[in-house]
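My request is simple: use the sequences and hints to build the entire structure.
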Amino acid sequence: MDASAQDLHHRLGTVTAFGDLANAMRGVAAARLQQARTLIAGIDDYTRTVTAAMGQARALLPPAPARAPGAAAPRVTLTVLIGAEQGFNGGLSERVLDAAGEATGGRVLMVGSQLRRLAHARGCTPQWFAPMVAHADAASTLGDRLHTALARALASEPLDAVEIIGSELAVSNEGENLLIRRRNLTPQPAPDDRPPTKAPRLNVEPARLIDDLLVEYVAAQLTRAVLHGHAAEQLARLRTMAAASENVQRMVQGLRAEERQWRQEAITGEVIELAAALSGSAKEGR
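With this note's numbering as the guide, the letters of the sequence shown map in order to residues 16 to 301.
Honestly, the hints are just simulated from the structure, not real lab data.
Since we're looking at a predicted model, the values are computed, not measured.
Pairwise CB distance ranges, derived in the manner of DEER restraints:
{"hint": "1", "residue 1": "146", "residue 2": "217", "range": "37 to 47 Å"}
{"hint": "2", "residue 1": "170", "residue 2": "199", "range": "13 to 23 Å"}
{"hint": "3", "residue 1": "196", "residue 2": "132", "range": "21 to 31 Å"}
{"hint": "4", "residue 1": "137", "residue 2": "28", "range": "35 to 45 Å"}
{"hint": "5", "residue 1": "49", "residue 2": "20", "range": "41 to 51 Å"}
{"hint": "6", "residue 1": "142", "residue 2": "199", "range": "13 to 23 Å"}
{"hint": "7", "residue 1": "35", "residue 2": "132", "range": "21 to 31 Å"}
Glycine included, every Cβ here is placed at the ideal spot set by N, Cα and C.
Dropping the structure here:
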């Protein structure tokens, strides 16, 4: 086997090995995504339920006093960034950082090792960091850790707003889509936050009820953000590896075609040499 044949054989082996790796990563991502799908519906429903309960409880409070006019104080915002843990995700973490924009220059809590590496290159250092979960069933644990970090940040300095920026799975008639969403963690008044026509029976004061619901609301939103971020990373990797597998198949087909052509040329050369040798032997026999 000459040098060109050895190089072709080596390239074919390398590309085939990468294809096997891409298929393995694709299988892992598909399994993790399926596990996340089974939990997303539940956390989404729970978040909506807690949000609706907060609206109903808030409607029981007396109107808040109007603020005295004066110069508006600078707003202090904390941003929670939810990104990817590993690469091969189609630029998911870059999209999160692009959506964050100038917020990366302020107070930041961050989830995702790849996101932190890319953020560091942009001059952003989070005041708290945690790796993204490897499995969906660990999302609630990470959500609790994120909740604790947020509480400590609030204790160290009052905040006017908390934002969550991360990727989410959105289901439409065309299938699943990856969206980068920016959410305000502060509960916003809903159109139906009106006092009930009939006063409900309460076991606790409305203000205390809202405080308790607020804890549940924040925990639910943070867990939801982690779970959606994990699922989005798996879907992005699944699609990236699917595209890589298609490219590998095309490359393998091209290399095998080159291999067949090389073999045909080698056989043709051997036939020509054999024919020449036979012709020479025949001439000598005369």
